[in-house]
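2 protein chains.
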Amino acid sequence: MKIGLIGSGGVGRALIGLIGERDDVELIFVLNSRSGVGDQSGLDPKKLYEFLGGNRDLEAYEKVGFGVWKFDEILQAFKVDLLVEATPTNKRTGEPATSSIRLALENGVHVVTANKGPVILHYRGLKELADRNGLGFGIGATAGAALPTISAGENDLLGSRLLRIRGVLNGTTNYILHLMETEVMSYQAALQKAQEEGIAETDPSQDVEGWDTAIKMTIIANALAGTDLALEDAEVVGITHLTIEDIRSAKDRNKRYKLLGELDLDAENPRVLVKPVKVSGEDIFYGVQGKNKGIQYITDNLGEVTILGGASDVRGAAAAIIRDILQIKKNF
Amino acid sequence: MKIGLIGSGGVGRALIGLIGERDDVELIFVLNSRSGVGDQSGLDPKKLYEFLGGNRDLEAYEKVGFGVWKFDEILQAFKVDLLVEATPTNKRTGEPATSSIRLALENGVHVVTANKGPVILHYRGLKELADRNGLGFGIGATAGAALPTISAGENDLLGSRLLRIRGVLNGTTNYILHLMETEVMSYQAALQKAQEEGIAETDPSQDVEGWDTAIKMTIIANALAGTDLALEDAEVVGITHLTIEDIRSAKDRNKRYKLLGELDLDAENPRVLVKPVKVSGEDIFYGVQGKNKGIQYITDNLGEVTILGGASDVRGAAAAIIRDILQIKKNF
Chain A
0 MKIGLIGSGG
10 VGRALIGLIG
20 ERDDVELIFV
30 LNSRSGVGDQ
40 SGLDPKKLYE
50 FLGGNRDLEA
60 YEKVGFGVWK
70 FDEILQAFKV
80 DLLVEATPTN
90 KRTGEPATSS
100 IRLALENGVH
110 VVTANKGPVI
120 LHYRGLKELA
130 DRNGLGFGIG
140 ATAGAALPTI
150 SAGENDLLGS
160 RLLRIRGVLN
170 GTTNYILHLM
180 ETEVMSYQAA
190 LQKAQEEGIA
200 ETDPSQDVEG
210 WDTAIKMTII
220 ANALAGTDLA
230 LEDAEVVGIT
240 HLTIEDIRSA
250 KDRNKRYKLL
260 GELDLDAENP
270 RVLVKPVKVS
280 GEDIFYGVQG
290 KNKGIQYITD
300 NLGEVTILGG
310 ASDVRGAAAA
320 IIRDILQIKK
330 NF
Chain B
0 MKIGLIGSGG
10 VGRALIGLIG
20 ERDDVELIFV
30 LNSRSGVGDQ
40 SGLDPKKLYE
50 FLGGNRDLEA
60 YEKVGFGVWK
70 FDEILQAFKV
80 DLLVEATPTN
90 KRTGEPATSS
100 IRLALENGVH
110 VVTANKGPVI
120 LHYRGLKELA
130 DRNGLGFGIG
140 ATAGAALPTI
150 SAGENDLLGS
160 RLLRIRGVLN
170 GTTNYILHLM
180 ETEVMSYQAA
190 LQKAQEEGIA
200 ETDPSQDVEG
210 WDTAIKMTII
220 ANALAGTDLA
230 LEDAEVVGIT
240 HLTIEDIRSA
250 KDRNKRYKLL
260 GELDLDAENP
270 RVLVKPVKVS
280 GEDIFYGVQG
290 KNKGIQYITD
300 NLGEVTILGG
310 ASDVRGAAAA
320 IIRDILQIKK
330 NF
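Note that the protein sequences, when read in sequence, are chains A and B. Sequential numbering of the first sequence, starting at 0, is according to numbering that gives the first Met the number 0. Sequential numbering of the second sequence, starting at 0, is according to numbering that gives the first Met the number 0.
Hints should not be assumed to be uniformly reliable.
Stated by the list, open to error - Residues from chain A that keep clear of chain B, each with C-beta distances beyond 12 Å, as calculated: (1) 150; (2) 160; (3) 261; (4) 323.
Said to hold, decoys possible - Label-pair distances were calculated between CB atoms; the ranges are: (5) A:9 / B:280: 51 to 61 Å; (6) A:270 / B:126: 52 to 62 Å; (7) A:9 / B:126: 48 to 58 Å; (8) B:133 / A:202: 22 to 32 Å; (9) B:105 / A:181: 37 to 47 Å; (10) A:245 / B:160: 48 to 58 Å; (11) B:160 / A:8: 49 to 59 Å; (12) B:289 / A:162: 16 to 26 Å; (13) B:102 / A:45: 22 to 32 Å.
Claimed, not checked - With a straight-line Cα cutoff of 20 Å, these simulated EDC-like cross-link-like pairs (lysine to aspartate or glutamate) come out: (14) A:90 / A:72; (15) A:45 / B:299; (16) A:328 / B:130; (17) A:69 / A:43; (18) A:290 / B:25; (19) B:78 / B:25; (20) A:277 / B:25; (21) B:274 / B:208; (22) B:290 / A:234; (23) B:254 / A:282; (24) B:329 / A:153; (25) B:254 / B:234; (26) A:328 / B:153; (27) B:328 / A:72; (28) A:45 / A:61; (29) B:290 / A:303; (30) A:1 / A:94; (31) A:250 / A:281; (32) A:329 / B:127; (33) A:254 / B:281; (34) B:277 / A:281; (35) A:90 / A:180; (36) B:290 / B:127; (37) B:45 / A:299; (38) A:290 / B:153; (39) A:290 / B:56; (40) B:254 / A:281.
What the hints contain is simulated information worked out from the structure, not anything from laboratory work. Ideal Cβ placement from N, Cα and C applies to all residues, glycine included.
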């Protein structure tokens, strides 16, 4: 399968590394915001992976690098079966990713994306475009990455109806809450430690205010339950107001705070709710500690199916893209 | 999709019930050890479900029941796309299920089975026969039923390599251990209570001596990791020797016994090990209580992916069969 990639950051580079370990996918072009590299007879992913470790200017790569590009011309110049879109997320406009994805789907190219912007803003339309053209649109990397939320929902629950979804989907907040409990730290101190360890971002607001969880819950619901929810429909409370006393008083009752996303699909107006919830030892999420994540699907016929996954790093996110590529290879 | 079914016991009847709720699968024949019923234009699953609630002699069903049958003649008389084999398990011979499955696959009919016998004894050969004829061979219901062990391994881990497998796969023993801990009961008293509640069987040896776990681990490994392990290769210790003192002393150290199946695929001679293991609160299986089950896949690229599922009943087992049917419908 011939692959083109937009985005040569951490996840993009890790993906190139994983492609180098396989012989069933072939890398044809890689683009970033400034430059690109392409070879219809196949790039050497191992060599390119090394190159990107020290240099992001693809124009300088071997004899096949080039400067500023236009995506419609790239799609003419290089024939690929599948586009991987892995540029940074813009949650307000979804651009330039949405335009690239649309152009690929209009030109008969499957798409796999790790970019939450186009998926939270335009999932329904892009999925319909893909379906109309008999193409795959893989979004697993946008909703849990290494944790197979979408794959499990699409495959493992086949034939059962989703009634409710519960998720602990943000590793950063789970880690901060873990520190607050186990090391008796204030929210600010725990956040700072998580930032020093490279787990929380410099601007952590998306995570700690609950929006990352809300985005993932919305994406999962729209992909699996046929809803057409927007992020604005969600009711979101983060963890920034929690005090050491809150955590201690929960612990005294053998409970633990988790930033939980919930969605009752049988409600009159299904709505994603995100808030810190005290869970007891009987709750499946009680033991999901540290940077770990999990999703629970409550179904009519299969009962409760819960998937727990390890912390996501760029390798896990890249492996989630590979999974989507191989599922499209298998299903189309 | 036109379906034939062998086996009209609890799971078979529940499957007929679920087929009655769908319009994408059509029931053509149902057979049991004494009699059968068939209609090429489709049986009424709702009516048949009701009938089987009171009467197992299918010869008496409407005008389309018949007596003793031969399977090769059935395959001539009724055209189906897929056979569901759901007769009782015989783990020594795998018969008559293995012969029925082979005959179906030789005649271009997909197979889904809930019968552990043919799968533990002949998986490799039957899978190769299915592959050669471009057919599906679904075995999810034999290895966890509602818990999607096989589906998750085949779909959610695509592109990653399995390194180790750990599983708490037997609900009955998990429930007995739960009773021993929470109600401070002896093994014998807990077993008796589980039997009274219809959770443990009259002859509980397959469960409590660990063989059910060993069978599931072996099936999962052979299906997902390309091994060709036999049940005799497994090293199996059950829970019958555990005392109240064992359980209490574990609890004093905040640990809990689980009947754990383990397989290290990177070992020189990979071998299924089943034994009661004391797990701490840090272990993902610590919180898998009561009749619940779980499987953990340790992979190279996706890290650890754990699937936890509710207790299996006949409806869950039937839903697992439906899942396999729909996956074959999707993939072939």
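Going down the list of hints, with the structure as the test:
no., hint, result
1, 150, "violated (4 Å)"
2, 160, "violated (10 Å)"
3, 261, "holds (18 Å)"
4, 323, "violated (9 Å)"
5, A:9 / B:280: 51 to 61 Å, "violated (33 Å)"
6, A:270 / B:126: 52 to 62 Å, "violated (45 Å)"
7, A:9 / B:126: 48 to 58 Å, "violated (39 Å)"
8, B:133 / A:202: 22 to 32 Å, "violated (53 Å)"
9, B:105 / A:181: 37 to 47 Å, "violated (60 Å)"
10, A:245 / B:160: 48 to 58 Å, "violated (43 Å)"
11, B:160 / A:8: 49 to 59 Å, "violated (25 Å)"
12, B:289 / A:162: 16 to 26 Å, "holds (20 Å)"
13, B:102 / A:45: 22 to 32 Å, "violated (49 Å)"
14, A:90 / A:72, "violated (26 Å)"
15, A:45 / B:299, "holds (18 Å)"
16, A:328 / B:130, "holds (18 Å)"
17, A:69 / A:43, "violated (23 Å)"
18, A:290 / B:25, "violated (46 Å)"
19, B:78 / B:25, "holds (12 Å)"
20, A:277 / B:25, "violated (46 Å)"
21, B:274 / B:208, "holds (9 Å)"
22, B:290 / A:234, "violated (35 Å)"
23, B:254 / A:282, "holds (18 Å)"
24, B:329 / A:153, "holds (11 Å)"
25, B:254 / B:234, "violated (23 Å)"
26, A:328 / B:153, "holds (14 Å)"
27, B:328 / A:72, "violated (39 Å)"
28, A:45 / A:61, "holds (13 Å)"
29, B:290 / A:303, "holds (12 Å)"
30, A:1 / A:94, "violated (24 Å)"
31, A:250 / A:281, "holds (14 Å)"
32, A:329 / B:127, "holds (18 Å)"
33, A:254 / B:281, "holds (16 Å)"
34, B:277 / A:281, "holds (19 Å)"
35, A:90 / A:180, "violated (32 Å)"
36, B:290 / B:127, "violated (35 Å)"
37, B:45 / A:299, "holds (18 Å)"
38, A:290 / B:153, "violated (26 Å)"
39, A:290 / B:56, "violated (57 Å)"
40, B:254 / A:281, "holds (16 Å)"
Checked against the numbered hints given earlier, the structure breaks hints 1, 2, 4, 5, 6, 7, 8, 9, 10, 11, 13, 14, 17, 18, 20, 22, 25, 27, 30, 35, 36, 38, 39 and satisfies all the rest.
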